[in-house]
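Work the whole structure out from these sequences, hints included.
The chain contents come next:
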Amino acid sequence: MSTHDHSEEHHTGLRVYGAVCLTLFVLTAVTVYITKFDFGDMNIVVAMIIASIKAGIVALYFMHLKFEDKLTWIYALYPLFLLFLLIGFTIIETFTRVPVIR
Amino acid sequence: MSTTAQHAESHAHGHGLGETVTHNAAKFGMWLFLGTEILLFGGLFAAYALFRAKYPDLFYESHKKLDISLGTINTIVLIFSSFTMAMAVSAAQKRNRKWLMILLGVTFICAAAFGVNKYFEYSAKFHHDIFPDTNIFFALYFMMTGLHMLHVFLGMGIILALIIMAKQGRFKEGNRYTPVEVGGLYWHLVDLIWIYLFPLLYLIG
Numbered sequence: 001m002s003t004h005d006h007s008e009e010h011h012t013g014l015r016v017y018g019a020v021c022l023t024l025f026v027l028t029a030v031t032v033y034i035t036k037f038d039f040g041d042m043n044i045v046v047a048m049i050i051a052s053i054k055a056g057i058v059a060l061y062f063m064h065l066k067f068e069d070k071l072t073w074i075y076a077l078y079p080l081f082l083l084f085l086l087i088g089f090t091i092i093e094t095f096t097r098v099p100v101i102r
Numbered sequence: 001m002s003t004t005a006q007h008a009e010s011h012a013h014g015h016g017l018g019e020t021v022t023h024n025a026a027k028f029g030m031w032l033f034l035g036t037e038i039l040l041f042g043g044l045f046a047a048y049a050l051f052r053a054k055y056p057d058l059f060y061e062s063h064k065k066l067d068i069s070l071g072t073i074n075t076i077v078l079i080f081s082s083f084t085m086a087m088a089v090s091a092a093q094k095r096n097r098k099w100l101m102i103l104l105g106v107t108f109i110c111a112a113a114f115g116v117n118k119y120f121e122y123s124a125k126f127h128h129d130i131f132p133d134t135n136i137f138f139a140l141y142f143m144m145t146g147l148h149m150l151h152v153f154l155g156m157g158i159i160l161a162l163i164i165m166a167k168q169g170r171f172k173e174g175n176r177y178t179p180v181e182v183g184g185l186y187w188h189l190v191d192l193i194w195i196y197l198f199p200l201l202y203l204i205g
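Protein chains in written order, with this note's numbering: chain P, 1 to 102; chain S, 1 to 205.
In short, the hints are calculated from the structure, not lab data.
All C-beta atoms, glycine included, are put in the ideal place defined by N, C-alpha and C.
A portion of the hints provided could be inaccurate.
Derived lysine-lysine pairs resembling BS3-like cross-links, with alpha carbons at most 25 angstroms apart [stated by the list, open to error]:
| id | chain 1 | residue 1 | chain 2 | residue 2 |
| --- | --- | --- | --- | --- |
| 1 | S | 98 | S | 64 |
| 2 | S | 54 | P | 36 |
| 3 | P | 36 | S | 65 |
| 4 | S | 54 | S | 167 |
| 5 | P | 66 | S | 94 |
| 6 | S | 64 | S | 125 |
| 7 | S | 98 | S | 54 |
| 8 | S | 64 | P | 36 |
Short, incomplete list of chain P residues facing chain S, as computed with Cβ under 7 angstroms [said to hold, decoys possible]:
| id | residue |
| --- | --- |
| 9 | 17 |
| 10 | 23 |
| 11 | 31 |
| 12 | 58 |
| 13 | 72 |
| 14 | 87 |
| 15 | 90 |
| 16 | 94 |
| 17 | 96 |
Below you can see the structure in the form of structure tokens.
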């Protein structure tokens with residue numbers, strides 16, 4: 001954190017924030033619109049990919065993650081890794097469970 | 001990243017390195033807290049994944065009872081409030097008190113509008129005899145959106161405190177605007193979680 005002392009002074013203005021906001025609106029419209037089409041099991045995957053793009057844009061630009069140092073990135077991503085383990089293994093366990101015959 | 005000229009300018013206002021370190025430490029502290037928030041909701045997301053995998057038909061049939069247009073409006077309102085919050089931080093950086101207060105005010109109004117919308121949604125559900133104990137989908141729906149709503153209320157309190165601080169002239173030239181930036185981070189997380197809740201609850205294909 002000591003490498004750049006004035007990291008707080010990155011002036012992102014109306015132009016970038018406006019573009020980000022519009023992009024988020026468009027992606028929201030897209031994610032609502034595509035529910036009209038059925039991609040089968042891919043529905044949830046497509047919805048989550050769009051949500052993740054939106055979340056990424058919010059973190060990078062609105063939350064200034066783009067301008068943050070490595071340590072902040074590590075602490076921002078680490079909970080996502082834990083979440084991946086928790087949800088990933090929950091799903092694997094659910095689909096691979098074999099009924100036990102008593 | 002700032003230029004040397006900006007460095008010199010900032011130092012001219014008389015804040016030493018201590019101020020910058022405090023600012024960065026506060027921001028980092030908020031990121032740590034947001035990590036715990038993600039894991040708090042993470043437990044519910046995991047429960048959602050488990051039960052949706054087990055009962056896909058129940059989830060599909062139940063989600064039809066949610067109002068997609070109200071959900072979409074709330075998504076737009078929350079994204080817009082994130083935008084005005086980001087602009088508020090920008091105004092604080094420029095020490096523009098008038099716009100800071102206006103933008104924080106708009107953010108607060110959006111948050112309130114989200115709450116009012118949610119109130120009507122919950123009322124409609126109760127009116128149709130849908131409660132948290134109706135089935136596992138609605139248990140998760142009320143728990144996840146309820147916990148999120150709690151965060152919206154807390155965020156409204158923070159934004160209101162920031163408006164009062166701005167009115168008192170706490171973010172004037174030469175002063176730190178750290179509370180605005182840190183409060184902003186919290187508010188963006190509230191938006192970020194809703195970005196996932198919306199497709200998971202309202203848009204089950």
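Do the hints match the structure? See the list:
no.	hint	verdict
1	S:98 x S:64	violated (45 angstroms)
2	S:54 x P:36	holds (24 angstroms)
3	P:36 x S:65	holds (17 angstroms)
4	S:54 x S:167	violated (53 angstroms)
5	P:66 x S:94	holds (20 angstroms)
6	S:64 x S:125	holds (12 angstroms)
7	S:98 x S:54	violated (53 angstroms)
8	S:64 x P:36	holds (13 angstroms)
9	17	holds (5 angstroms)
10	23	violated (10 angstroms)
11	31	holds (6 angstroms)
12	58	holds (5 angstroms)
13	72	holds (5 angstroms)
14	87	holds (5 angstroms)
15	90	holds (5 angstroms)
16	94	holds (4 angstroms)
17	96	violated (11 angstroms)
Checked against the numbered hints given earlier, this structure breaks hints 1, 4, 7, 10 and 17; the rest are met.
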